[in-house]
Amino acid sequence: MLSLLPEVSAAENASELVSFSSCIPTVKLYCRPLIRTFIWNEKTVNMSQPGYVATPPYSQSQPGMGGFSTGLGPPTSSPHYGHYGGPNSLYSAPQSGMLKSTVPFGSSAPVGSPPPGIHLYNQTNLQNGPGTPGHQQHRFQGPSPGSSVPPSYPPYSHQSQPPYANTASPSSTAQLANQLGTMQINSYGPGASPSSRMPSGPPASFQGPPLPPTQPQMAIPPGAQIPPTPANNLNGICTPPSLPPLAMQDGIPGSGPPNANLQQLPGQPPGPGYHPQHVNYGPQMAGSQLSYPGAFPGGPGQLAGPQQKKLDPDSIPSPIQVIENDKASRGGQTYATNIRGQVPPLVTTDCVVQDQGNASPRYIRCTTYCFPASSDMAKQARIPLAAIVTPFAIVPPNETPLYVVNHGETGPIRCNRCKAYMCPFMQFIEGGRKYQCGFCSCVNDVPPFFFQHLDHVGRRVDHYERPELSLGSYEFVATLDYCRNNKPPNPPAYIFMIDVSYSNIKSGLVKLICDELKTLLDKLPREEQEEASPIRVGFVTYNKVLHFFNVKSNLAQPQMMVVSDVGEVFVPLLDGFLVNFQESRSVISNLLDQIPEMFADTNESETVFAPVILAGMEALKAAECAGKLFIFHSSLPTAEAPGKLKNRDDKKLVNTDKEKTLFQPQVNFYETLARDCVANGCCVNLFLFPNQYVDIASMGLVTMYTGGTLYKYNNFQVHSDSPQFLSDLRKDIEKRTGFDAIMRVRTSTGFRATDFFGGIYMNNTTDVEMAAIDCNKAVTVEFKHDDKLNEDTGALIQCAVLYTTISGQRRLRIHNIGLNCSSQLADVYKSCETDALINFFAKSAFKAILTQPLKTVREILMNQTAHMLACYRKNCASPSAVSQLILPDAMKVLPVYMNCLLKSCVLVGRPEIPTDERAYHRQLIMSMDVANTQLFFYPQLLPIHNMDVKSDAFPTSVRCSEERLSEGGVFFLANGLNMFLWLGVSAPPEVIQGIFNVPSFAHISTEATQLPELDNPYSKKLRSIMKYSQSQKPYSMKLIIVKQREQPEMLFRQFLVEDKSIYGGASYVDFLCCVHREICQLLN
Amino acid sequence: MATYLEFIQQNEERDGVRFSWNVWPSSRLEATRMVVPLACLLTPLKERPDLPPVQYEPVLCSRPTCKAVLNPLCQVDYRAKLWACNFCFQRNQFPPAYAGISEVNQPAELMPQFSTIDYIVQRGPQTPLIFLYVVDTCLEEEDLQALKESLQMSLSLLPPDALVGLITFGRMVQVHELSCEGISKSYVFRGTKDLTAKQIQDMLGLTKPAVPVQQGRPLQPQEQPVISSRFLQPIHKIDMNLTDLLGELQRDPWPVTQGKRPLRSTGVALSIAVGLLEGTFPNTGARIMLFTGGPPTQGPGMVVGDELKTPIRSWHDIEKDNARFMKKATKHYETLANRTAANGHCIDIYACALDQTGLLEMKCCTNLTGGHMVMGDSFNTSLFKQTFQRVFSKDFNGEFRMAFGASLDVKTSRELKIGGAIGPCISLNAKGPYVSENELGIGGTCQWKICSLDPNTTLAIYFEVVNQHNAPIPQGGRGAVQFITQYQHSSMQKRIRVTTIARNWADAQNQLQHIEAAFDQEAAAVLMARLGVYRAETEEGPDVLRWLDRQLIRLCQKFGQYNKDDPNSFRLSDSFSLYPQFMFHLRRSPFLQVFNNSPDESSYYRHHFARQDLTQSLIMIQPILYSYSFYGPPEPVLLDSSSILADRILLMDSFFQIVIYLGETIAQWRKAGYQDMPEYENFKHLLQAPLDDAQEILQTRFPMPRYINTEHGSSQARFLLSKVNPSQTHNNLYAWGQESGSPILTDDVSLQVFMDHLKKLAVSSAA
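Here the protein sequences line up with chains D and U, keeping their order.
Those letters in the first sequence? Residues 1 to 1084, by UniProt numbering.
Those letters in the second sequence? Residues 1 to 767, by UniProt numbering.
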């Protein structure tokens, strides 16, 4: 008996252990977050609490607010005060140098300034603009800060510009004033404001409301100046002489930081440790709005002069300025997502995102972070409500990857009614026994294994230990219920399908691909902890018939199986077709050696296409796995087979109602095929090497619907184009991808997702199906109101993607984001994001051209732009002369971007533009994320000749206009698809020598597509710039070297998007006039 | 005088012909009363080591409707250099080459001993033989290995310039390209889709590129082989390649789930094989050799679904009209067989599986094209291996015992017409003056195509006497029949074998005894059996039996000697005496009885019965039983249960089986090991003797028979017991009361009972 006792107790212990470990999810969850927490602690050293959400106030607000809490962090500097490009603006140094350079102006300079600025502006307005009464802001300002109008201020308000220019203040206002000075606008207060605050010490700034006015406006002087020319030519028939003088008042363009603060509205639960005093200032920011201070003291007579002058481009809102400002104010900082509805930094701004309850902007960006509370309001503003979701976006290594949550056999916990997944929006009640769904308000029981007590504020005590309670983005392990046929999925497979028709053999492409694959397949994506990639590979070559290859590892030689029944194609083998590369390495390399030889003397020039996709799909189906097809194709598939295409390119259709047919597939077969592919998790990546029309609208359709990527290399030449192609291929193969995915967007009550754009397939109205989705693919989701939205609860969005990982695990990736709601239109306007808007407009327009004439689509875009701005003018802006163009701050650059969209070759029907090119661009844009659309529509133009080769910093971009080029300059331009190096005729020889290793301009060969690797600072720096602009981009860019005044310059000029384009697109200035006219008409 | 027996034997040896009647009734009416039709068994390529072929063209009768070949029966005017056709009486000039002929300088074809003569003619290009292997890969590993080895072995047996091709099939059908270096290449077809010959040729890239005709220059005839060369290659070129390829053949890689049959696309595979040859080598000697290890389970020609729970059709299902796929499949294979035959190719089927493989549906492929049908349990048995090896056996000249693309032309004297033929042939639909309207077998023609034949291939040809009763044939008149067989010899030569025979006419009314004496009951039995089996293919079994019975009774009535209604008085002459016994065994044979046989087995047996020569056919009808004992030398004994004695060893040869049966005592002795004791060496010899004899049979027969070595009381003894006449059964065991024999547990009637009934019916006046 005695001896038994210990055993018994031991057994008891054991059973405890068992019961403990049996609830695996809990245990797991318990452990993992702890580890992570530790990491985070390391990163955010000054966090006061171990919980990662509990960011200490200072550290948090510091990055988030762009340095307003000056006591703790390095101050940010004036650069976030707008300066609209131009030579003077060069001052705004690259980020790294920025901090130092701004110090002389007083670190606190920006901090304190805004409120006085506002005040100042009001003052100014009162002084100068009879039409701008001071009370205009009362709505927004609420309790006006009124506090610190520095006594030193008034003098500045009347000061003329020269002093400011001399101060080298980068403030745009100063420059603006400069410009405007010529227009005899003398009372320009705002420009002074920044400098006025420079002297004011840090404490003052701290005291002052940290928010600069968020909505600078531009005003165009009274309507008299509007030319009588017939209105609204979208393509910019506006003639420069008729331009109204554009006046601009933009006190403090840097809108980022204010918004960050603004989010912390008193109505919301304050973030931990939030400074109470900020609360007061928040609201007033929203309303701060500055109309151009009349500037008309001189009266009409004085205006006559400027009227005839060409509008100075520097005086109109500059995208570069906006980008640089945002960089300056928010770049390099930590952006925490703990506040509902806060507007994230721009896509062009580098910062560290810390997930604190809302999805990172890398995953979700919205057109506005504050939804109108009612549908009437929404209709009034006509601001599209949309989110651009990039569910698989790459996060930089210094941000935390997504946690994986396992809720055990029962699968993820979901709301019983709306099926939303457990997320931070769920409210735990009744001591933690129940939770209320944030989306549908249904009260659900908490499953026993998930139960946890609540603390004194009603929060679960394990709040910070569970990603699904505290993070915006995380993953669930999916159970068998979430799998196809309730069977665990197999790892996906990649099938390489190479067109071996005459042209591809002759061009050497086949050999190039085969050689590359030999090494490339070692780099197939794998899970971090795995040795080898679980992805299996298969090979097919084809011309008029298909050749499958058996590369089973035990074969001495690969075996070729010809399927000539292209009418009803099928997979001739299962075992041995899809193999593990490592195991079959020798057979595969044998095969890849032989393929070019095998077809060396082919004379088959006809190809099939649809059967190739079909075969790949069938192969994946037979292998019961999802996967990607890599198709290397070069010609129009004219061979007799399903999906046969004929050359239907008809330039006569351009600009007619039938133009849309050019974007539609030629035969229905492809749509059916796409549907089947999606149903079987077959993603089609298409590499096209056309020498002539290949009907991309038809051929690319399957690629688009299946979430694949389309690459196109016109007139492919092995020697010049292979680096670009190989880089694309490498990137694509190594890309992280989710397979066989289905996305569902759930929203809180009152609104819902109504439309989806992207490389997706929709079988019904709610399920977004994607055969695969990779890190570069974004889905744009449009929302519409169902009902009134509750301003307290906000608008919540949960985007759940069910997918298969590369190792064949089924996962659910959840992104949650909460947006604000407001019944004030101004709130909505203030929270808009232009880049996201353009992404949405582009996608919806490009979708619409399938059904509507291009002209209509363009008009709709134009109308909507005007409408949005007019609505703002009408409802939010201070009353001013109707002829003033007033732009909300957040949409300051909307016109220029919109103009770029309208000028894009897709929307401009000109017979000179190849139909394929238009279809190609259309397709690319459809699945692009915000960062890429931004770059695509407004290319990056960097001056190279005067860059500082000693520093690592990048040169500051200049605006895409010919005026910014100079004969003595060298400029680099990239838009994500194309890359140019423009050389002025009198470019500095030392730069030329440095880059090209040739003595002079005349010696430079424009044939090269790569720069020589030279060991000198110019070459190194330029190449590092090129490398950087290439990184993280979905497409590799081929470098085109353009010499000034040579023929290829025409091509380059198309990318100078602020200029009038050769295809008839309006210049920025012209467009602005058009928009203005439209607005005026609307207002009247 | 030489007996008729000797005459018959002589004739058979010289001409390969055996007639049911060797004296022919001279009028249609009399002939029909003879019951057994005037018919013959013709072995067109009977081996004649003593017959050297002549190297010139035969001389033909110039009458366009006749074109009979000059033969020893023709009247020749040596001076005028004229000859008269003995069929149409046309007088023909000898060709110039014959200028020197005279009574003493006769060409071979005029000499009586050359009633059968082979001509070698030089016509057209010589095309090599073609062997297209069509291999099922849905086999067990062991089977596939054995098959691969057999196939590799067979490559060494082929003539070096023969073209070979390889098609493998399972769920898909692969046509292997043999020409390519390095990587092995094959064209794959879906196993479920029936393709037309045109489609197949398109997909294989066999369609001739449209060669622009250059200013009236004729196209190069050489082009054809070039096109096809990818799939059919001379064996000497790709011997190694093909050996490797066969060695690397894998089992069909598609997974077969539990409870399913593998998906086997035999129908499409055959269709592609046929289409391939059709497009490339029409009218050239070619063998499609199908090796299959199970029933076709998908696509056109499927015989059974892939669900294992639904068994393959049995005779029971067929009678109940329950065989879902049979009709469609049969139609598919018939279409294929007809196309193949039209192209002069042949299809062999080597089916090795424990279950049925669909031979019933596929039988026409072999039957219409003269191909072989081999059925075994596994490719890993000596039965298959030996049989397959024997396909490539060579004759005394070292040439293959196979000929291709033969056409058989039959000419008859005016008094005769041709009713039809039964054998591995198809009609060429040559209407001529000799064609009867009454068809027996494949009729309505005087020409048949035999796509493949070997020296044993024997056709039954049925004639009709059309001479009217009122137009008597003058005394001493002879009827003549000429068989002209043109074929491609295995040495690629074109040859023509001409056999001309003549028989006397006799008036059945006053010379019945002549006719009776010239009755060849063996030939008659086989000829009647062929008719019966031919009918059994299309008619219900019992009907055929009834028909056979009625014929037998009528024959007995006609030729028996009896008093009316007195069975005991019934007697048959010697020349008829065995005939009823043959019929008795025929009735019990698997050719007509489907009980205990699967439809495949029946098809298999019938296939062989319809092509073997007389001796072999007789063995099939009535197996031979030899007895070995200490009492004397081995002797044939009655195929009767009374022959099964304890102290005997029996050797039974039923063509398909060789059974060695040890009597009870012998078996006990052997068990006791006496054979190993030196003092009982004689016992050892006794045991050895039947084994040696069996080996001798096994060595020569095609297909190799199933070899069964059994003993009293063993289960395998059933093969013997089922064949012997059940003279002693559990019903009459005691009635016989003798110590001899062993009883058979059966309700089948014994020969005795059968004969009693026959007598009764024959003498009955009511009948």
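Keep in mind the hints are simulated off the structure, nothing from the lab.
Among these hints, one or two may not hold up.
Unchecked claim - The calculated lysine to aspartate or glutamate pairs, modelled on EDC-like cross-linking and capped at a C-alpha distance of 20 Å, are:
| no. | chain 1 | residue 1 | chain 2 | residue 2 |
| --- | --- | --- | --- | --- |
| 1 | D | Lys552 | U | Asp202 |
| 2 | D | Lys644 | U | Glu141 |
| 3 | D | Lys544 | U | Asp202 |
| 4 | D | Lys544 | U | Glu141 |
| 5 | U | Lys193 | D | Glu618 |
| 6 | U | Lys198 | D | Glu618 |
For the pair supplied as a hint, Lys198 of chain U and Glu618 of chain D, confirm whether the alpha-carbon distance does not exceed 20 Å.
-> Distance ~26 Å between Lys198 of chain U and Glu618 of chain D Cα, so the pair is violated.
Given the hint that Lys544 of chain D pairs with Asp202 of chain U, test it: the Cα-Cα distance must not exceed 20 Å.
-> holds (11 Å)
Lys644 of chain D and Glu141 of chain U: Cα distance at most 20 Å?
-> violated (43 Å)
Is Lys544 of chain D within 20 Å of Glu141 of chain U, Cα to Cα?
-> This hinted pair is violated, its Cα atoms lying about 36 Å apart.
Quickly compare the C-alpha distance for Lys552 of chain D and Asp202 of chain U to 20 Å and report which way the hint goes.
-> With a Cα-Cα distance of about 29 Å, the restraint between Lys552 of chain D and Asp202 of chain U is violated, given a limit of 20 Å.
Does the structure keep Lys193 of chain U and Glu618 of chain D at a Cα separation of 20 Å or less?
-> holds (16 Å)
This entry does not satisfy hints 1, 2, 4 and 6, going by the numbered hints stated previously.
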